[in-house]
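Visitor: Sequence:
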Amino acid sequence: MAEYPFREIEKKWQKRWSEEKTFHVSNDDSRPKYYVLDMFPYPSGAGLHVGHPLGYIASDIYARYKRLKGYNVLHPMGYDAFGLPAEQYAIQTGQHPAITTENNIGRYREQLDNLGFSFDWDREVRTSDPSFYKWTQWIFIQLFHSWYNRKSDKAENISTLITAFELNGNTDVDAVSSPLKKFTSADWLKMNDEEKQTILLQYRLAYLSETLVNWCPQLGTVLANEEVKDGFSERGGFAVLRKQMTQWSLRITAYADRLLKGLDKIEWSESMQDAQRNWIGKSVGATINFQIDGHPDKKVSIFTTRPDTIFGVTFMTFAPEHEMVDKITTMKFRDAVKKYIEITGNRSERERMADAKRISGQFTGAYAIHPFTGAKIPIWISEYVLAGYGTGAVMAVPAHDSRDYLFAEHFDLPRIEVVSGGDISKEAFESYEGKLINSDFINGLKVKDAQHAVIKKIEEIGIGKATTNFRLRDAIFGRQRYWGEPFPVYYIGKLPYTIKESELPLLLPEVDSFQPTESGEPPLARAKKWQTNDGYPLETNTMPGWAGSSWYFLRYMDPKNETEFVSKKAVNYWQNVDLYIGGSEHATGHLLYVRFWTKFLYDLGYIPFDEPAKKLVNQGMIQGRSNFVYKLKTVNTFVSLGLKNKYDTIPSHVDVNIVDDDVLDIEKFKLLRPEYSNAEFILEDDKYICGHEVEKMSKRWSNVVNPDDVVEKSGADTLRLYEMFLGPLEQSKPWSTHGIEGVVKFLRKLWRLYHNEKDQFFVSDREPTKEENKILHRTIKKVSDDLERLSFNTSVSAFMICVNELADLKCNCRSILSDLAILIAPHAPHIAEELWEKLGNNGGISKASYPEWKQEFLTENTFEYPVSFNGKLRVKIEMPLSLSREEIVTSLLERAEIIKYMDGKSPKNIIIVPGRIINIVL
RNA sequence: GCCCGGGUGGUGGAACUGGUAGACACGCAGGACUUAAAAUCCUGUGGUCAUUGCGACCGUGCGGGUUCGAUUCCCGCCCCGGGUACCA
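Each residue of the first sequence is one higher than the last, beginning at 9 in this note's numbering.
Honestly, the hints are just simulated from the structure, not real lab data.
Treat each hint with caution, since some may be false.
Said to hold, decoys possible - List time: in silico DSS-like cross-link candidates among lysine-lysine, alpha-carbon distance up to 30 angstroms:
| no. | residue 1 | residue 2 |
| --- | --- | --- |
| 1 | K778 | K77 |
| 2 | K846 | K237 |
| 3 | K508 | K204 |
| 4 | K162 | K290 |
| 5 | K846 | K20 |
| 6 | K41 | K741 |
| 7 | K537 | K577 |
| 8 | K502 | K204 |
| 9 | K790 | K855 |
| 10 | K273 | K464 |
| 11 | K678 | K623 |
| 12 | K41 | K884 |
| 13 | K273 | K77 |
| 14 | K623 | K789 |
| 15 | K707 | K162 |
| 16 | K159 | K568 |
| 17 | K502 | K537 |
| 18 | K502 | K568 |
| 19 | K508 | K41 |
| 20 | K159 | K464 |
| 21 | K790 | K778 |
| 22 | K204 | K237 |
| 23 | K757 | K273 |
| 24 | K23 | K41 |
| 25 | K77 | K577 |
| 26 | K273 | K41 |
| 27 | K77 | K846 |
| 28 | K473 | K384 |
| 29 | K623 | K19 |
| 30 | K456 | K384 |
| 31 | K454 | K290 |
| 32 | K443 | K19 |
| 33 | K290 | K189 |
| 34 | K307 | K456 |
| 35 | K237 | K473 |
| 36 | K757 | K782 |
| 37 | K346 | K335 |
Throw the hints in and build the complete structure from the sequences for me.
Guide: This is the structure we're talking about:
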């Protein structure tokens with residue numbers, strides 16, 4: 009029998025969907041809306057591999073399902089088109105990144121089209137397109153002209169801040185800002201414009217500041233914290249140094265608490281929420297001021313989460329960069345301190361981390377005074393205290409903090425036990441379970457109560473207060489690169505101003521080279537006339553990769569709008585994303601920033617919601633399965649895996665596309681490279697068996713499998729079903745085509761239900777039997793339940809069971825097969841469309857409505873009860889479901905097989921769960 | 001170290017609220033059709049013992065516990081994967 013002609017069918021329907029704009033979505037629709045979004049890809053030169061579509065297939069199935077269920081579904085796709093790889097390529101080859109990007113997008117589009125996705129391509133966005141980045145720049149301008157008012161707990165226009173300054177200076181303002189001195193309204197009114205702007209800059213949500221940044225010399229740019237992994241750049245793996253630079257930052261810290269609280273009202277996976285919670289890192293405690301011995305005018309402020317342990321303080325530690333170090337270090341220790349600061353200051357991020365376990369520090373010769381006991385507390389400096397967190401200084405309590413403990417042990421400093429319950433001769437006792445001892449007025453209190461008591465006391469005597477700290481840092485927002493959004497900013501002197509909104513977009517200028525200038529300025533400094541009409545110089549930094557992705561989900565709603573980033577009408581209709589699917593690697597980058605921008609735009613009243621996505625699902629990674637060949641060291645001979653231990657060999661990766669089930673295609677291998685053409689092989693069982701390993705799917709490991717190849721061989725519907733059938737969406741798994749044959753067979757079997765032996769379309773108009781209805785309705789119920797909880801793998805099994813059962817009955821009943829075609833349309837849209845058309849329908853299956861399951865076809869009269877004795881399953885007994893408990897017991901005790909297992913005993917208890925199980929306890 | 005996720009047949013996995021463990025599929029074995037192969041179809045397939053039949057026992061990483069009943073809940077441990085890293 010001929011197999012079903014998937015190549016013609018798939019091409020035919022893809023063409024028709026595109027020509028008829030089948031998936032075009034209107035903003036003007038009376039149906040309820042549903043927004044299904046994929047994280048848009050960065051179009052790399054390598055193209056898509058089979059791992060990329062996993063999430064796209066899942067979201068497409070869901071979008072198609074929701075459409076059949078009567079929703080108006082927004083399901084768009086676009087490209088995160090600015091980024092480093094295209095630019096690195098430009099530096100190497102001189103080809104403009106716009107061209108590289110355009111080519112790559114073309115390739116991506118072809119590959120996506122090949123899989124039959126139901127995207128509305130009229131809504132495509134590209135972050136590198138001026139009509140898109142015009143609005144990225146516009147949002148930046150809004151950030152620049154906003155400040156965060158703690159009193160209203162939201163962002164406000166900077167004009168409200170200026171009004172406040174004019175009335176009362178900044179004495180009455182509660183803002184999230186950089187550190188600032190207090191000034192009065194009189195002070196403010198006396199200031200010139202430059203002074204005023206300098207102060208306002210400290211309040212803006214987009215601001216310039218001189219900070220310690222992650223500098224990557226090889227990439228020639230600064231990186232954000234989440235772009236640095238283990239001291240190396242995430243892209244390229246280059247070393248990262250710490251460097252002091254003036255940089256644009258976004259004041260995401262203003263939103264720390266709201267970003268944390270917002271997690272409770274969205275349906276994101278627990279691990280994703282945890283990752284964000286940890287990254288935000290809220291800790292509640294107190295700041296306490298200590299006087300410095302011999303410096304009555306100086307006090308040092310420390311942050312602690314354990315104010316209860318204040319009587320256990322035996323020394324203090326400052327970060328080496330702490331501004332007070334220089335002022336308090338005594339003559340005797342000056343040289344040693346200077347040397348320590350030098351050594352630690354010059355180390356790269358990588359060295360510092362590698363050395364994290366080594367304990368180092370230096371005594372300054374200075375002492376702090378304990379506020380309650382008056383004791384002199386030695387002040388040390390050490391790398392383990394970070395300048396950027398809290399106040400950059402800690403009160404060290406070695407008995408109850410493991411880092412302080414190790415430090416004290418190393419430098420032979422005393423420890424005082426103040427919370428009972430541990431053994432501080434062995435290790436620090438960090439538990440909250442215990443009572444305070446050796447602690448004056450808090451003796452005998454529990455930890456929590458002691459904390460409150462200490463905070464109350466320090467607030468009373470004015471030496472400290474309750475404080476909350478966040479680990480989250482403001483996000484550095486500039487890159488010294490070409491291929492990104494230009495800042496809509498110019499400078500008068502050192503002060504930044506934004507260009508007029510009417511002058512947007514500020515187009516990325518042409519440059520003669522994509523390298524930094526000789527004086528080390530970013531590439532934009534090469535552009536001719538990179539200045540305003542009035543001759544003021546424009547900013548030469550560009551925005552980082554995550555700028556566009558922080559709001560792109562809004563643009564899809566209204567992608568062609570030239571007067572607004574999104575119209576009120578569109579955003580009020582579509583609201584936020586209902587289901588967002590993407591990789592978990594974006595937990596602390598994109599997914600935090602997009603939440604931040606959403607909250608910001610909400611504060612300004614531009615959008616009616618403050619979370620971008622109600623529900624988020626992270627698809628697992630499809631890993632590569634690499635293959636290896638083993639070459640003898642001295643000669644051009646390759647030895648099969650099982651025999652390689654007998655020889656001295658060098659393993660090397662071999663292209664997985666010429667390996668089938670670990671068996672190497674020797675002829676193709678010989679053609680791979682000239683030096684292989686005369687290679688010799690030592691085989692086992694006449695075959696060359698390759699070694700294998702699971703690695704990331706990457707060109708570098710020759711283990712990339714292109715979806716186009718799978719589609720060519722088995723079809724798009726097969727690939728879609730197979731990727732879903734592999735296992736739960738969230739789970740990572742290595743790619744293997746081992747089970748794909750099962751899906752191929754399934755689709756053939758489905759096709760045959762609608763055809764006779766001669767492969768002619770043939771269905772019957774007779775009424776369905778009870779049994780056929782039962783199979784159909786059970787499947788409708790199962791599949792829709794599975795889809796609602798995104799259990800795609802089990803929905804595929806349900807289809808297989810259904811088709812197997814209908815095939816056993818030789819069912820060719822039109823009404824059954826018609827509903828079945830609709831059911832499977834989300835998963836395998838091409839074959840479903842074809843069958844739908846053959847069934848005599850016009851207008852396409854995506855306009856059909858999803859069948860409803862009916863209880864009447866599923867209700868059973870009897871049930872085959874599994875009967876256990878003491879929990880061990882022994883027999884199965886069929887019984888009517890209408891029986892009462894008593895009738896079941898009576899009926900049971902009459903049966904021979906039951907009596908046999910009773911072994912003459914009388915049952916202590918008989919547990920009956922109707923329709924489930926019977927357990928007889930003897 | 002800390003925080004998540006996970007350990008189920010030869011393999012991918014199923015079992016949704018504590019109720020028949022191993023659905024579905026791959027692989028393997030045997031058979032039918034065929035000159036042959038492919039395709040298709042049928043049968044079997046967790047382990048051990050018994051196989052003349054019934055069957056019996058063990059079994060969801062390991063050790064305990066709760067329960068009539070535990071892959072599912074609780075306590076302790078081991079291993080694998082991911083995130084994070086001196087955050088006071």
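Visitor: Would you mind marking each hint as holding or not holding in the structure?
Guide: Structure-based check of each hint:
Restraint check: the Cα-Cα separation between K778 and K77 comes to about 25 angstroms, which is no more than 30 angstroms; the hinted pair holds. A distance of roughly 55 angstroms separates the Cα atoms of K846 and K237; the hinted pair therefore is violated under the 30 angstroms criterion. As the CA atoms of K508 and K204 are separated by approximately 20 angstroms, the hinted pair is consistent with the 30 angstroms bound. In summary, the hint linking K162 to K290 is supported, as the alpha carbons are separated by about 19 angstroms, within the 30 angstroms threshold.
With a CA separation close to 14 angstroms, the supplied pair K846 and K20 stays within the 30 angstroms bound. A hinted pair counts as satisfied when its Cα atoms are at most 30 angstroms apart, and K41 with K741 does not qualify at roughly 34 angstroms. For the proposed pair K537 and K577, the alpha carbon gap of about 40 angstroms is over 30 angstroms, so the pair is violated. Taking the CA atoms of K502 and K204, the gap is about 13 angstroms. The hint holds against a cut of 30 angstroms.
For the suggested pair K790 and K855, the alpha carbons sit about 22 angstroms apart, so the restraint of at most 30 angstroms is met. With a C-alpha separation of about 33 angstroms, the suggested pair K273 and K464 falls outside the 30 angstroms cut-off, and the hint is violated. In summary, the hint linking K678 to K623 is not supported, as the alpha carbons are separated by about 50 angstroms, beyond the 30 angstroms threshold. Straight-line distance between C-alpha atoms of K41 and K884 comes to about 49 angstroms, which puts the hinted pair past the 30 angstroms bound.
Distance hint between K273 and K77 is fulfilled; the C-alpha atoms sit about 26 angstroms from each other, no more than 30 angstroms. Pair hint K623 plus K789 holds up; C-alpha atoms about 23 angstroms apart against a cutoff of 30 angstroms. Distance hint between K707 and K162 is unfulfilled; the C-alpha atoms sit about 47 angstroms from each other, more than 30 angstroms. A C-alpha spacing of about 38 angstroms is found between K159 and K568, which places the hinted pair above 30 angstroms, so the restraint is violated.
Distance check on the hinted pair: K502 and K537 sit about 19 angstroms apart at the alpha-carbon level, within 30 angstroms; holds. For the hint pairing K502 with K568, the CA-to-CA distance comes to about 37 angstroms; that exceeds 30 angstroms, so the pair is violated. As the CA atoms of K508 and K41 are separated by approximately 36 angstroms, the hinted pair breaks the 30 angstroms bound. Taken as a hint, the K159 and K464 pair is honoured in the structure, with Cα atoms around 23 angstroms apart against an allowance of 30 angstroms.
Our distance criterion of 30 angstroms between C-alpha atoms is met by K790 and K778, whose separation comes to about 18 angstroms. Taken as a hint, the K204 and K237 pair is broken in the structure, with Cα atoms around 39 angstroms apart against an allowance of 30 angstroms. Distance check on the hinted pair: K757 and K273 sit about 45 angstroms apart at the alpha-carbon level, beyond 30 angstroms; violated. Between the alpha carbons of K23 and K41 the distance comes to roughly 27 angstroms, so the proposed pair stays at or under 30 angstroms and holds.
About 24 angstroms separates the Cα atoms of K77 and K577, which keeps this hinted pair within 30 angstroms; it holds. Distance check on the hinted pair: K273 and K41 sit about 20 angstroms apart at the alpha-carbon level, within 30 angstroms; holds. The hinted pair formed by K77 and K846 meets the criterion: a straight-line CA distance of about 23 angstroms does not exceed 30 angstroms. Proposed proximity of K473 and K384 is supported: the alpha carbons are some 22 angstroms apart, at most 30 angstroms.
At most 30 angstroms may separate the alpha-carbon atoms for a hinted pair to count; K623 and K19 exceed this at roughly 34 angstroms. As the CA atoms of K456 and K384 are separated by approximately 27 angstroms, the hinted pair is consistent with the 30 angstroms bound. Between K454 and K290 the alpha-carbon distance is near 23 angstroms, which keeps this suggested pair within the 30 angstroms criterion. Between the alpha carbons of K443 and K19 the distance comes to roughly 75 angstroms, so the proposed pair goes past 30 angstroms and is violated.
The straight-line distance between the Cα atoms of K290 and K189 is roughly 26 angstroms, inside the 30 angstroms bound, and the hint therefore holds. Our distance criterion of 30 angstroms between C-alpha atoms is met by K307 and K456, whose separation comes to about 27 angstroms. Between K237 and K473 the alpha-carbon distance is near 36 angstroms, which puts this suggested pair outside the 30 angstroms criterion. With a CA separation close to 20 angstroms, the supplied pair K757 and K782 stays within the 30 angstroms bound.
Annotation: proposed proximity of K346 to K335 holds, straight-line Cα distance about 12 angstroms (limit 30 angstroms).
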